[in-house]
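Trainee: Sequence:
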Amino acid sequence: MANRMSAIEAKYEAQKIAFAPIFFQAAVCLKELNILDVIAKARRGLTLDEIVEKTGLSNYGVQVLLEAGLCINMVEQDEEEKYTLTTVGRFIRSDRMTEVNMNFAKDVCYGGFEHLKESIVEGKPAGLKVFGNWPTIYEGLSKLPDQVKQSWFEFDHFYSDDAFPHALELVFKEPVKQIYDIGGNTGKWSRACCEYNEEVQIKMLDLPGQLNVAKAKNSKEAYADRISYFEINLLDEVQAIPKGADTVWMSQFLDCFSADEIMSILKRVYDAVDEQAFVYILEPFWNNQRFPASEFCLVGTSLYFTCMANGNSKMYHSEEVKKMSVDTGFEVVDTFELIGDSYHTLLKLRKKS
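Take the sequence shown: its letters are residues 1 to 353, numbered as in this note's numbering.
Think of the hints as simulated: they come from the structure by calculation, not from any bench.
Keep in mind that the hints are not guaranteed to be accurate.
BS3-like cross-link-like pairs, simulated, lysine-lysine; straight-line CA separation at most 25 angstroms [said to hold, decoys possible]:
| # | residue 1 | residue 2 |
| --- | --- | --- |
| 1 | Lys322 | Lys352 |
| 2 | Lys143 | Lys82 |
| 3 | Lys143 | Lys106 |
| 4 | Lys348 | Lys173 |
| 5 | Lys82 | Lys54 |
| 6 | Lys124 | Lys149 |
| 7 | Lys267 | Lys351 |
| 8 | Lys177 | Lys267 |
| 9 | Lys31 | Lys16 |
| 10 | Lys217 | Lys177 |
| 11 | Lys117 | Lys106 |
| 12 | Lys143 | Lys188 |
| 13 | Lys348 | Lys267 |
Could you put together the complete structure from these sequences and hints?
Mentor: Set out below in structure tokens:
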């Protein structure tokens, strides 16, 4: 579609981009300093002085933040100079998706993103240095500051949890005895499987740091003895995936790797399974979303991978992953698009006969 924006409109949009980091921090302050809360609780709005009184902040501080809020359509002011929240302001205040995304951007991404250009040029996550000297964020995930770690996991889980109930039904339609949960992080999928089926055995495959976190969480459960662990660094092409699974599960995992690395992982999965096994890939493909906001967030997440995570992966187009799967010897048996109330597509693979 042709861009029919006028020059004046386009220049305004350009200025929004120029000042975006500043207004982002203003939005964070409006929320975290309870300005949005006190306005929301007053049905007929509040004046500047009333907001100052209720928040205990300075007149100056509240004023500059409210003026910023007017510019980014978070608040509006009536003829009596009373402030109320707009729909945007209400989403910033209480929408869970917006909260997860803002916390992720603020805690995980913001400090390192001044190094994005360096990341693009060098092909490395240059922004990660603000947290530690690891080659990728995954080696350091368990060592991140608590608030950063919390925001990272909340972001990761938010975009997978809604898909799990429907995914469980799809996976367990087939006879399942042994699932390999590759890149299982905190073990949320493994626990969901054990709760869904009383006999299934799970083997989690991940880096030692992540497995230690998962072990601590899983140990509290009655089914803990049905979950085993296998330490592996899948960036090391020499490290093989063990045989024995009739089901392999990878949830929001392959987007953590470059195309070449994905091919290497899929080849090792191929070598580890027989013709009767099923391989499932759960991903929020950016091209397969109901709403523009979802696509926008996923493309932004690709830049997180560039600058903070590993320097070479992204959120993929569904056809890219399908092609890589076929090129490594699998056939795509089925595609379940936007399963449940989620952003995800589930690919069901099997070795070509």
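Trainee: Look at each hint and say if it fits the structure.
Mentor: Outcome of the hint check:
{"no.": "1", "hint": "Lys322 <-> Lys352", "result": "13 angstroms, holds"}
{"no.": "2", "hint": "Lys143 <-> Lys82", "result": "46 angstroms, violated"}
{"no.": "3", "hint": "Lys143 <-> Lys106", "result": "18 angstroms, holds"}
{"no.": "4", "hint": "Lys348 <-> Lys173", "result": "12 angstroms, holds"}
{"no.": "5", "hint": "Lys82 <-> Lys54", "result": "14 angstroms, holds"}
{"no.": "6", "hint": "Lys124 <-> Lys149", "result": "21 angstroms, holds"}
{"no.": "7", "hint": "Lys267 <-> Lys351", "result": "11 angstroms, holds"}
{"no.": "8", "hint": "Lys177 <-> Lys267", "result": "23 angstroms, holds"}
{"no.": "9", "hint": "Lys31 <-> Lys16", "result": "20 angstroms, holds"}
{"no.": "10", "hint": "Lys217 <-> Lys177", "result": "22 angstroms, holds"}
{"no.": "11", "hint": "Lys117 <-> Lys106", "result": "19 angstroms, holds"}
{"no.": "12", "hint": "Lys143 <-> Lys188", "result": "20 angstroms, holds"}
{"no.": "13", "hint": "Lys348 <-> Lys267", "result": "16 angstroms, holds"}
Going down the numbered hints, you'll see the structure goes against just number 2.
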